[in-house]
Amino acid sequence: MTLRLTRRGLIGGGGALLLSGCDRLSEAPAAKSLMQRAEGLTMRSQRWLMGDALAREFAEADMSPVFRANGSTSVDDAAYRAHAAQGFARWALVVDGLVKRPLVLPLAALKAMPQRRQITRHDCVEGWSAIGQWQGPQLAQVLAMAGLLPAARYAVFHCADRIGGAPYYESIDLIDAFHPQTILAWQMNGHPLPLEHGAPLRLRVERQLGYKQAKYVMRIELVASLASLFGGKGGYWEDAGDYAWYAGI
Amino acid sequence: MDPAAASLAPPRRAYRHRWPTRVWHWANLIVVTIMLMSGLMILNAHPRLYWGHYGANADHAWLVIGGGRFPALPGWMTIPSYYSLSAARIWHFAFAWLLVPLLIGYLLWSLLGGHLRRDLWLSRDERRASALWHDLREHAALRFPKGEAALRYNLLQKLLYGLVLLVLLPLMVASGLAMAPAMDAAWPWLVDLLGGRQSARSLHFIAAMGLVSFTLIHLLAVLLAGPWNHVRAMLTGWFAVPQENGT
Chain A
384 MTLRLTRRGL
394 IGGGGALLLS
404 GCDRLSEAPA
414 AKSLMQRAEG
424 LTMRSQRWLM
434 GDALAREFAE
444 ADMSPVFRAN
454 GSTSVDDAAY
464 RAHAAQGFAR
474 WALVVDGLVK
484 RPLVLPLAAL
494 KAMPQRRQIT
504 RHDCVEGWSA
514 IGQWQGPQLA
524 QVLAMAGLLP
534 AARYAVFHCA
544 DRIGGAPYYE
554 SIDLIDAFHP
564 QTILAWQMNG
574 HPLPLEHGAP
584 LRLRVERQLG
594 YKQAKYVMRI
604 ELVASLASLF
614 GGKGGYWEDA
624 GDYAWYAGI
Chain B
3 MDPAAASLAP
13 PRRAYRHRWP
23 TRVWHWANLI
33 VVTIMLMSGL
43 MILNAHPRLY
53 WGHYGANADH
63 AWLVIGGGRF
73 PALPGWMTIP
83 SYYSLSAARI
93 WHFAFAWLLV
103 PLLIGYLLWS
113 LLGGHLRRDL
123 WLSRDERRAS
133 ALWHDLREHA
143 ALRFPKGEAA
153 LRYNLLQKLL
163 YGLVLLVLLP
173 LMVASGLAMA
183 PAMDAAWPWL
193 VDLLGGRQSA
203 RSLHFIAAMG
213 LVSFTLIHLL
223 AVLLAGPWNH
233 VRAMLTGWFA
243 VPQENGT
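As given, the protein sequences belong to chains A and B, one line each in that order.
Under this note's numbering, the first sequence has 431 at position 48, and the numbering climbs by one with no breaks.
Under this note's numbering, the second sequence has 94 at position 92, and the numbering climbs by one with no breaks.
Only chain A is shown next, with the shape it has when bound in the complex (with noise of 0.2 angstroms):
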């Protein structure tokens, strides 16, 4: 009996030390950044596997019958207020930073140009996935438009809403920015992007996870490097909670 209550209470006492410990490592900076050299790993090793391959499309079918609006669904911003009540008539998309064509795209601009629809499944970092419809021109023909200068590396999506005062922002590298699927979404499943969706447009980088779709994009900035933006790691859940740059997985 004694024995048992002594095996019990180190097992008990271990994991207590467990987990402790780990509360204890996940605050660490130097464990936190040496577990998170495998996001760089997980990055290379997905690049490698999937080269060009495009996201999965499915049939109009297959679409969620309630697309779940998640993070931002509104806006508490007045000039984004005043465009929303005119139904974006008057909204315009700039793309600046190191291009050679700095841009001011009204939307009737993005609806004239060639489009994209697609039909994407959109996995949440948090587990759950919904399928629906989106248009809109590539991101690619966009950048094409405003020429790149050779030091740009990154695109940096600008966006209305704002998280606990922070206003929300998102990156992508190169290979993402010119991927074909990458687009700037103005409809989604058939219609004008709804407000809880991010209207009047927003990302669709259809490999990456949910947080990489910045909605309310008002601006698209080329950098050389993300260190000097905001918090510097690239992104709102980037900077604000430790979410992996990088979110294929």
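Quick caveat, the hints were computed from the structure, so don't treat them as lab data.
Certain hints may be false.
Have a look at the derived ranges for each label pair, beta carbon to beta carbon [unchecked claim]:
1) A:Trp-431 x B:Gly-107: 54 to 60 angstroms
2) A:Thr-456 x B:Tyr-84: 43 to 49 angstroms
3) A:Ser-457 x B:Tyr-84: 45 to 51 angstroms
4) A:Ala-414 x B:Gly-77: 40 to 46 angstroms
5) B:His-220 x A:Thr-456: 58 to 64 angstroms
6) A:Thr-456 x B:Arg-71: 20 to 26 angstroms
The list that follows gives simulated cross-link-like pairs (lysine to any residue, SDA-like), each with its CA atoms no further than 20 angstroms apart [stated by the list, open to error]:
7) A:Lys-415 x B:Ile-32
8) A:Lys-415 x B:Ile-44
9) A:Lys-415 x B:Ser-88
10) A:Lys-483 x A:Ala-534
11) A:Lys-415 x B:Leu-101
12) A:Lys-616 x B:Ser-88
13) A:Lys-494 x A:Met-528
14) A:Lys-415 x B:Leu-38
15) B:Lys-160 x B:His-136
16) A:Lys-415 x B:Tyr-85
17) B:Lys-148 x B:Arg-234
18) A:Lys-415 x B:Thr-35
19) A:Lys-415 x B:Lys-160
20) A:Lys-616 x B:Leu-87
21) B:Lys-148 x B:Arg-14
22) A:Lys-415 x B:Tyr-84
23) A:Lys-415 x B:Leu-100
24) A:Lys-415 x B:Leu-87
25) B:Lys-148 x B:Ala-223
26) A:Lys-415 x A:Lys-616
27) B:Lys-160 x B:Leu-100
28) B:Lys-160 x B:Leu-109
29) A:Lys-415 x B:His-141
Model, not experiment: these values are computed from the prediction.
Even for Gly, the Cβ is constructed at its ideal location relative to N, Cα and C.
Chain A is fixed; fit chain B onto it per the hints.
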């Protein structure tokens, strides 16, 4: 030798586990424990499971864990013990890079080194329902093999170890990869094989619960069959052979 002298003789010791088995066993125990606990934290972020390609709150879930509590799972089960999806993901994917090489290495050694054929493969006699029934009854009566028979894995051991090594752990890895959007682009056949992304997520959970169930059965069996001898054998390789008469 008269029976009295035999029972006084020191128990025969036999070399039971080669070093790759011992190293893999303990390394895998640590890695799988961390992956399980960080995985349960990831599950906290959306404790609903679905079949098919898609699934979210408005869709039918075949399992809802925690009955709407947040977090759905208690802190002692998860890494970290406080709610953090991002920290759990850092743990989970860092240790996945240990789990996979360990598993591939041990599978290759088992295949090429004869462990699979010699120790885990079922003999012709064992591939019978009567053999399984007999072994189940022996276990239920807590009659564990003695003498030479104790040096071989019995039928239930072979089935359970084979299930873990050849089915559950490979399924954990395959279903984990199938949940990655980039892997769906790279290897769509894998996602199709598992029935879609949300099916893969469900199978990931079911296989994990299979591993938990195995571990509980395994722990119970070790406790009943002589914990010190079995743990020492898995640490040093040397096993004290239980004598035919008495202990």
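Structure-based check of all given hints:
| no. | hint | in the structure |
| --- | --- | --- |
| 1 | A:Trp-431 x B:Gly-107: 54 to 60 angstroms | violated (21 angstroms) |
| 2 | A:Thr-456 x B:Tyr-84: 43 to 49 angstroms | violated (26 angstroms) |
| 3 | A:Ser-457 x B:Tyr-84: 45 to 51 angstroms | violated (29 angstroms) |
| 4 | A:Ala-414 x B:Gly-77: 40 to 46 angstroms | violated (19 angstroms) |
| 5 | B:His-220 x A:Thr-456: 58 to 64 angstroms | violated (47 angstroms) |
| 6 | A:Thr-456 x B:Arg-71: 20 to 26 angstroms | holds (24 angstroms) |
| 7 | A:Lys-415 x B:Ile-32 | holds (18 angstroms) |
| 8 | A:Lys-415 x B:Ile-44 | holds (17 angstroms) |
| 9 | A:Lys-415 x B:Ser-88 | holds (11 angstroms) |
| 10 | A:Lys-483 x A:Ala-534 | holds (11 angstroms) |
| 11 | A:Lys-415 x B:Leu-101 | holds (18 angstroms) |
| 12 | A:Lys-616 x B:Ser-88 | holds (14 angstroms) |
| 13 | A:Lys-494 x A:Met-528 | holds (15 angstroms) |
| 14 | A:Lys-415 x B:Leu-38 | holds (18 angstroms) |
| 15 | B:Lys-160 x B:His-136 | holds (14 angstroms) |
| 16 | A:Lys-415 x B:Tyr-85 | holds (16 angstroms) |
| 17 | B:Lys-148 x B:Arg-234 | holds (18 angstroms) |
| 18 | A:Lys-415 x B:Thr-35 | holds (18 angstroms) |
| 19 | A:Lys-415 x B:Lys-160 | violated (39 angstroms) |
| 20 | A:Lys-616 x B:Leu-87 | holds (18 angstroms) |
| 21 | B:Lys-148 x B:Arg-14 | holds (11 angstroms) |
| 22 | A:Lys-415 x B:Tyr-84 | holds (16 angstroms) |
| 23 | A:Lys-415 x B:Leu-100 | holds (16 angstroms) |
| 24 | A:Lys-415 x B:Leu-87 | holds (14 angstroms) |
| 25 | B:Lys-148 x B:Ala-223 | holds (15 angstroms) |
| 26 | A:Lys-415 x A:Lys-616 | holds (15 angstroms) |
| 27 | B:Lys-160 x B:Leu-100 | violated (25 angstroms) |
| 28 | B:Lys-160 x B:Leu-109 | holds (15 angstroms) |
| 29 | A:Lys-415 x B:His-141 | violated (45 angstroms) |
Violation of the numbered hints given earlier is confined to hints 1, 2, 3, 4, 5, 19, 27 and 29; the remaining hints are satisfied by the structure.
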